[in-house]
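*Asks:* Below are the chains, spelled out letter by letter.
Protein chains: 2
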Amino acid sequence: MKRLVIIGVGLIGGSLGMAARGRRLAQTVVGIGRSADTLRQALQLGAIDEAASDFATGIQAADVVVLATPIPQILDDLARLPALLAPGAVVTDVGSTKGEIARAGDRLFPGGVFVPGHPMAGSERSGVEAARADLFIEATWALTPTPQTDPEALNRIRDLARGVGARTVLLDPDAHDRGVAVTSHLPHVLAYALAALAGKESQTSPALLDLAAGSFASATRVAGSSPELWRDIALSNRTALLRAVRAYRATLGEVEAALERGDGDALLDLFQEGNLARKGA
Amino acid sequence: MKRLVIIGVGLIGGSLGMAARGRRLAQTVVGIGRSADTLRQALQLGAIDEAASDFATGIQAADVVVLATPIPQILDDLARLPALLAPGAVVTDVGSTKGEIARAGDRLFPGGVFVPGHPMAGSERSGVEAARADLFIEATWALTPTPQTDPEALNRIRDLARGVGARTVLLDPDAHDRGVAVTSHLPHVLAYALAALAGKESQTSPALLDLAAGSFASATRVAGSSPELWRDIALSNRTALLRAVRAYRATLGEVEAALERGDGDALLDLFQEGNLARKGA
Numbered sequence: 037m038k039r040l041v042i043i044g045v046g047l048i049g050g051s052l053g054m055a056a057r058g059r060r061l062a063q064t065v066v067g068i069g070r071s072a073d074t075l076r077q078a079l080q081l082g083a084i085d086e087a088a089s090d091f092a093t094g095i096q097a098a099d100v101v102v103l104a105t106p107i108p109q110i111l112d113d114l115a116r117l118p119a120l121l122a123p124g125a126v127v128t129d130v131g132s133t134k135g136e137i138a139r140a141g142d143r144l145f146p147g148g149v150f151v152p153g154h155p156m157a158g159s160e161r162s163g164v165e166a167a168r169a170d171l172f173i174e175a176t177w178a179l180t181p182t183p184q185t186d187p188e189a190l191n192r193i194r195d196l197a198r199g200v201g202a203r204t205v206l207l208d209p210d211a212h213d214r215g216v217a218v219t220s221h222l223p224h225v226l227a228y229a230l231a232a233l234a235g236k237e238s239q240t241s242p243a244l245l246d247l248a249a250g251s252f253a254s255a256t257r258v259a260g261s262s263p264e265l266w267r268d269i270a271l272s273n274r275t276a277l278l279r280a281v282r283a284y285r286a287t288l289g290e291v292e293a294a295l296e297r298g299d300g301d302a303l304l305d306l307f308q309e310g311n312l313a314r315k316g317a
Numbered sequence: 037m038k039r040l041v042i043i044g045v046g047l048i049g050g051s052l053g054m055a056a057r058g059r060r061l062a063q064t065v066v067g068i069g070r071s072a073d074t075l076r077q078a079l080q081l082g083a084i085d086e087a088a089s090d091f092a093t094g095i096q097a098a099d100v101v102v103l104a105t106p107i108p109q110i111l112d113d114l115a116r117l118p119a120l121l122a123p124g125a126v127v128t129d130v131g132s133t134k135g136e137i138a139r140a141g142d143r144l145f146p147g148g149v150f151v152p153g154h155p156m157a158g159s160e161r162s163g164v165e166a167a168r169a170d171l172f173i174e175a176t177w178a179l180t181p182t183p184q185t186d187p188e189a190l191n192r193i194r195d196l197a198r199g200v201g202a203r204t205v206l207l208d209p210d211a212h213d214r215g216v217a218v219t220s221h222l223p224h225v226l227a228y229a230l231a232a233l234a235g236k237e238s239q240t241s242p243a244l245l246d247l248a249a250g251s252f253a254s255a256t257r258v259a260g261s262s263p264e265l266w267r268d269i270a271l272s273n274r275t276a277l278l279r280a281v282r283a284y285r286a287t288l289g290e291v292e293a294a295l296e297r298g299d300g301d302a303l304l305d306l307f308q309e310g311n312l313a314r315k316g317a
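Top line first, the protein sequences correspond to chains A and B.
Start counting the first sequence at 37; every next residue gets the next number (the working numbering).
Start counting the second sequence at 37; every next residue gets the next number (the working numbering).
Okay, chain A solo, but in the shape it has when bound:
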């Protein structure tokens, strides 16, 4: 690969650039971004070889384009790409939801050169200053081709993901979204909700946060993530997340009912079920 072009050099885009440069997966890694400061920082940190603030110029002669911005901008940029891409170029994205993006890709790239993807390697940190060349090692990188996706394009993106150390998983875009609704989006919602509740209660019980130990820290860790980013993800995966939140509230409703009855057996059953599932995960 000659030119790997990354649009958005934050945590994911910056880490991908570092990893691709470190492993020499491309002759040149180009970063595109709207902020000159971020691009300068990405250059300094060794995340990219070249910076481009002009979208059309940056895309020129790209072999592989990776869209690594928040979802609303991925959708915008996806629409601008077909007119600019060189023949033979392939495109992927790293958005946390795939149904909406895959449908847009099918509409915009009838030749199937768009491969929707999702490296599951985020963190509550963000920005290129948090980027790491080893971010994807052993991480799961979901690829969600549609029937229209060109198998050759899929192979090239799969090679890129594996090249930076990830384990790839192929999934239908909607199956992906239903899955991450439970394993990623719901955990973020639960963390925000718990932190918000504790914050509210600490206003009347100041000692409350003194009593926050390890379980609270783990349960709220990802509430440190960007609220704007997660609003966008929640809206983009609204149907599946709504289903997951409802299912979860129903499960918690069983705990509530067991506590009301003082039913230790029912509590034990549910705790054991969770304990076993956790061990199997």
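Incorrect hints may have been included.
[Said to hold, decoys possible] Straight-line alpha carbon distances no greater than 25 Å define the calculated DMTMM-like cross-link-like pairs of lysine to aspartate or glutamate that follow: (1) A:315 - B:160; (2) A:38 - A:195; (3) B:236 - A:296; (4) B:315 - B:174; (5) A:236 - A:292; (6) B:315 - A:301; (7) A:315 - B:237; (8) A:236 - B:301; (9) A:38 - A:170; (10) B:315 - A:246; (11) A:236 - B:299; (12) B:236 - A:208; (13) A:236 - A:246; (14) A:315 - A:301; (15) A:236 - B:208; (16) B:315 - A:237.
[Stated by the list, open to error] Over the 12 Å line for every Cβ pair with chain A, so calculated as not near, a few chain B residues: (17) 147; (18) 186; (19) 194; (20) 281.
[Said to hold, decoys possible] Partner residues aside, some chain A positions facing chain B, computed with beta carbon under 8 Å: (21) 37; (22) 61; (23) 107; (24) 108; (25) 111; (26) 215; (27) 219; (28) 223; (29) 257; (30) 266; (31) 303; (32) 309; (33) 310; (34) 313.
Hints were generated in silico from the structure; no laboratory data involved.
Using N, Cα and C, we set each Cβ at its ideal position, and we do this for glycine too.
With chain A's structure known, arrange chain B on it following the hints.
*Replies:* For chain B alone, kept in the frame of chain A given last:
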């Protein structure tokens, strides 16, 4: 202190023994337990100097007695202690709930030598094999005296907690229980419920657990804890936990309603509230 007697040498009791021995807080640390294997292991790991399988013999000549078993056994042992204690001895416990235990202590120790306590230093691991001499360093150790508690007894237990490196906090037993319902017991319930839901859904969507990344691991970490222990804690703090579960389900209900309406502003408000509270914690 001559003899520090620890009833129950698991994670907490064993770590306390190691820390007290390492810092020479007592001439002799005695472990009492029902399992000869556990006592032998505690001796080998350096958690205790002497083991006693007979309760009455072990308690003889104790200066400080620490009840470090699950809550039901703390309540049983508390009732047996007054007849066996030497004059001048003080007693504390490490149970995760305090209201029920403090009321039993007031009834059983009219002289006020029982000081209810709760070191917030557990983990999803358990047993003396997980014990560590540094477990309490920088940990919060809640002490929940009642109006009846002897101030001198309180000072001695406070010295012990500080002596092993903990930061002590004084609280009313019921305020403690309302606090930990939100900051510790609710996080455990949420983790069990999320792991149970994911386990159930993975039966029809086998790819689901492939999509479990860092946020799922954090959110379910404490579902690795003993289900029996947490059933006991949940029942012992039933009223406060029920209140916390209801409040949490109501907060999640706001997320559900916002998702139903596609209301990004409401989602952002709640996520920002959680994000801020997390940073303040």
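*Asks:* Against the earlier hints, flag every one the structure doesn't satisfy and list their numbers going up.
*Replies:* Failing hints, ascending: 6, 20, 21, 22, 23, 24, 25.
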